[in-house]
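Order-wise, the sequence lines are chains P and F. Taking numbering that gives the first Met the number 0, I'd label the letters of the first sequence as residues 0 to 273. Taking numbering that gives the first Met the number 0, I'd label the letters of the second sequence as residues 0 to 306.
There could be a bad hint or two in this list.
[What the hints assert, rightly or not] Think about it this way: if two alpha-carbon atoms lie no more than 27 Å apart in a straight line, the pair counts; the simulated BS3-like pairs of lysine-lysine are:
| no. | chain 1 | residue 1 | chain 2 | residue 2 |
| --- | --- | --- | --- | --- |
| 1 | P | K242 | P | K207 |
| 2 | P | K197 | P | K152 |
| 3 | P | K113 | F | K205 |
| 4 | F | K188 | P | K113 |
| 5 | P | K113 | P | K197 |
| 6 | F | K62 | P | K107 |
| 7 | F | K188 | P | K107 |
| 8 | P | K77 | F | K188 |
[To be verified] Beyond 12 Å from chain P on every Cβ pair, some chain F residues (computed):
| no. | residue |
| --- | --- |
| 9 | S39 |
| 10 | L102 |
| 11 | Y114 |
| 12 | L135 |
| 13 | P139 |
| 14 | I141 |
| 15 | E193 |
| 16 | G197 |
| 17 | F199 |
| 18 | V207 |
| 19 | G234 |
| 20 | A237 |
| 21 | L244 |
| 22 | E251 |
| 23 | Y265 |
| 24 | Y272 |
[What the hints assert, rightly or not] Sample of chain F residues facing chain P (criterion: CB under 8 Å; computed from the structure):
| no. | residue |
| --- | --- |
| 25 | A120 |
| 26 | W196 |
| 27 | V201 |
| 28 | A203 |
| 29 | S216 |
Everything labelled a hint here was simulated from the structure, so no lab data went into it. Glycine residues also receive a C-beta, built at the ideal position from the N, C-alpha and C atoms.
The residues making up each chain are set out below.
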Amino acid sequence: MTRSSLHDASVQELSSAICMSLENVGISYGSAEAVRGVYMQIPRGKVTAFIGPSGCGKSTVLRALNRMNDLIEGCTLKGRVLFDGQDLYARGVDPVEVRRRIGMVFQKPNPFPKSIYENIAFGARINGFNGDMDELVERSLRKAAIWDETKDKLKESGYALSGGQQQRLCIARAIAIEPEVILMDEPCSALDPISTLKIEEMMHELKKSYTIVIVTHNMQQAVRVSDMTGFFNVSSRADGEGKVGCLEEYAPTEQIFNAPQQQATQDYVSGRFG
Amino acid sequence: MTSTFTDSSSAAASHSGFERSSLRFNPSLARNRWSFLFTSVAATFAAICVLPLVLVLVYVLIKGGSLISLRLLSELPPAPGLDGGGIGNAIIGTFVVSSIAALIAIPVGVGGGIYLAEYSAGGWFSQFVRFGTDVLSGVPSIICGVFIYGLIVSTRFFFDQSYSAMAGGIALSVLMLPTVIKTTDEALKLVPNELRWGAFGVGASKFVTIVRITLPSAFSPIATGAVLAIARAAGETAPLIFTALFSPFWPEGLFNPIASMSVLIYNFAIMPYEAQISLAWAASFVLVVMILAANLFARWLSRLTST
Chain P
0 MTRSSLHDAS VQELSSAICM SLENVGISYG SAEAVRGVYM QIPRGKVTAF
50 IGPSGCGKST VLRALNRMND LIEGCTLKGR VLFDGQDLYA RGVDPVEVRR
100 RIGMVFQKPN PFPKSIYENI AFGARINGFN GDMDELVERS LRKAAIWDET
150 KDKLKESGYA LSGGQQQRLC IARAIAIEPE VILMDEPCSA LDPISTLKIE
200 EMMHELKKSY TIVIVTHNMQ QAVRVSDMTG FFNVSSRADG EGKVGCLEEY
250 APTEQIFNAP QQQATQDYVS GRFG
Chain F
0 MTSTFTDSSS AAASHSGFER SSLRFNPSLA RNRWSFLFTS VAATFAAICV
50 LPLVLVLVYV LIKGGSLISL RLLSELPPAP GLDGGGIGNA IIGTFVVSSI
100 AALIAIPVGV GGGIYLAEYS AGGWFSQFVR FGTDVLSGVP SIICGVFIYG
150 LIVSTRFFFD QSYSAMAGGI ALSVLMLPTV IKTTDEALKL VPNELRWGAF
200 GVGASKFVTI VRITLPSAFS PIATGAVLAI ARAAGETAPL IFTALFSPFW
250 PEGLFNPIAS MSVLIYNFAI MPYEAQISLA WAASFVLVVM ILAANLFARW
300 LSRLTST
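Only chain P is shown next, with the shape it has when bound in the complex:
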């Protein structure tokens, strides 16, 4: 019920509230092309999920959204990635500034080897935050639904938390710098079902104030959390050597899972491959 209403809403807002858009994006690692020909418009204030089999380039595309691929040797991007109408890969764009606006949560929880408090305060401090740090730490931890578990041990190391708590700490850390977009690269793949559920509940809260893009291997998760879904697939390259990823279908989640337009999407979401 809610999902179908979200569906209608997302279709209406698609034209008016585009947060990021990809125009003919192709990404290569050295001479090996990883993904090509991606056109996509990511709506503001929604959760967009990327699904697809391994090696289809969904994480690569996600990392392209905040120029994380710059850190990988030999990675090049063709096409345009627009954020609020600005090309992120234009000359003169500072990738550090991009990442302050577009935060990221990684597959493996990676808290800093500091106290829980410092994990949150680090990002804020280097971004020149000069408000009430205690209040910011509490607010971020509350938003990430981990305040109750950590309020008595803010001075303890982030490593003292369980895996699921660490991941929520990393989400709190990403929220603390108040980005506009949060990218999540399989944030629950290393977590147990209960932690996964907590993070999914939290995402429903978070999308009120942030645009979220999530890569997931778990199709049920995509159904539960996302408004839009992009299905990536691998196809053999024209020259017959190696494989390249492409965006097979991108539509409201409802449509991807109930009435996909492509046969490959139908096969994938019904569990016939991948």
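Model the placement of chain F on the given structure of chain P, informed by the hints.
Positioned in the frame of chain P, the structure of chain F alone reads:
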């Protein structure tokens, strides 16, 4: 239970090609004898490996340990032919020269290691630097001494002074440099990339990431490497003979010749005076204990992050 099991297995032996014996350990079997023999040989060689260390410690303790006193640590060596005295100036000298070496080698080495691990893209320059440090670590220490002698001492580079504590420290820093670069490089490579990404993900610049996240994570292996390099350099004689020289007096500043324990041992051990020879033994003992303490300190440092 065991007997029924062996019985059944020996029964099985009758109709397979293998000879089945009891499950009990039989020490007279050829494979067990060979195993025992090779275990003993390996254990003997392992014992021989640590034997020199134990013997050196015991020997130096016997010869020099009895002379340990406050006087030894606080007085100047006696003039030839006289008794008593101590090695106070050499202890201070070793600290001064090693400190100069550390102050030069640690910033340069850590900086070089950071470049190799964090900034270089694995191109020809970083490969050249890595190869160069490998070669430098194999250069004989006396060559470092001769090099600094030619570069600084014979040219009277510092305030028209020839032999100086500064020249000695620079010679030792050349020896320390490859160790510090290599341990920094290796330690930074061990920091998981996820940690760097995490910092970049919250909008940290490369500089902030290295200074605030990567370097602190790698602190203890880097510090361990630096302490080991200092301990290694503090015991070196050859680079100091032509550079810091020696002095029977208290240190007179960084740009004058200075005593050091290793050169004191080298000079005094071959003198025909009883007092000097026993001072050389005492200095050996103090030096060995200091280097041992530095190694233990390094072990303690390296355990800091593992807990």
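Here is what the structure says about each hint:
1. P:K242 to P:K207: Violated, at roughly 38 Å.
2. P:K197 to P:K152: Distance ~20 Å between P:K197 and P:K152 Cα, so the pair holds.
3. P:K113 to F:K205: Between P:K113 and F:K205 the Cα gap is close to 18 Å, so the pair holds against 27 Å.
4. F:K188 to P:K113: holds (20 Å)
5. P:K113 to P:K197: With a Cα-Cα distance of about 24 Å, the restraint between P:K113 and P:K197 holds, given a limit of 27 Å.
6. F:K62 to P:K107: Distance of about 58 Å is beyond 27 Å: violated.
7. F:K188 to P:K107: holds (18 Å)
8. P:K77 to F:K188: At roughly 30 Å apart (the allowed maximum being 27 Å), F:K188 and P:K77 break the hint.
9. S39: holds (44 Å)
10. L102: Non-interface label on F:L102 holds, nearest chain P Cβ at 28 Å vs cutoff 12 Å.
11. Y114: Answer for F:Y114: holds, closest chain P Cβ roughly 16 Å.
12. L135: holds (27 Å)
13. P139: Per Cβ check, F:P139 is outside 12 Å of chain P; nearest 37 Å; holds.
14. I141: Since the minimum Cβ distance to chain P is about 41 Å, F:I141 lies beyond 12 Å and the statement holds.
15. E193: violated (4 Å)
16. G197: It is violated; F:G197 is separated from chain P by about 4 Å at its closest Cβ, not greater than 12 Å.
17. F199: Incorrect as stated: the minimum Cβ-Cβ distance to chain P is 6 Å, not above 12 Å.
18. V207: violated (5 Å)
19. G234: With a cut-off of 12 Å, F:G234 remains clear of chain P, as the shortest Cβ separation is near 34 Å.
20. A237: Fine: 41 Å to the nearest Cβ keeps F:A237 off the interface.
21. L244: holds (46 Å)
22. E251: holds (46 Å)
23. Y265: holds (45 Å)
24. Y272: F:Y272 is indeed farther than 12 Å from all Cβ atoms of chain P, at 57 Å.
25. A120: holds (6 Å)
26. W196: It holds, given that the least Cβ distance between F:W196 and chain P is near 6 Å, below 8 Å.
27. V201: Hint on F:V201: holds, closest Cβ of chain P at ~3 Å, below 8 Å.
28. A203: holds (5 Å)
29. S216: At about 5 Å, which falls below the 8 Å cut-off, the nearest Cβ of chain P leaves the hint on F:S216 intact, so it holds.
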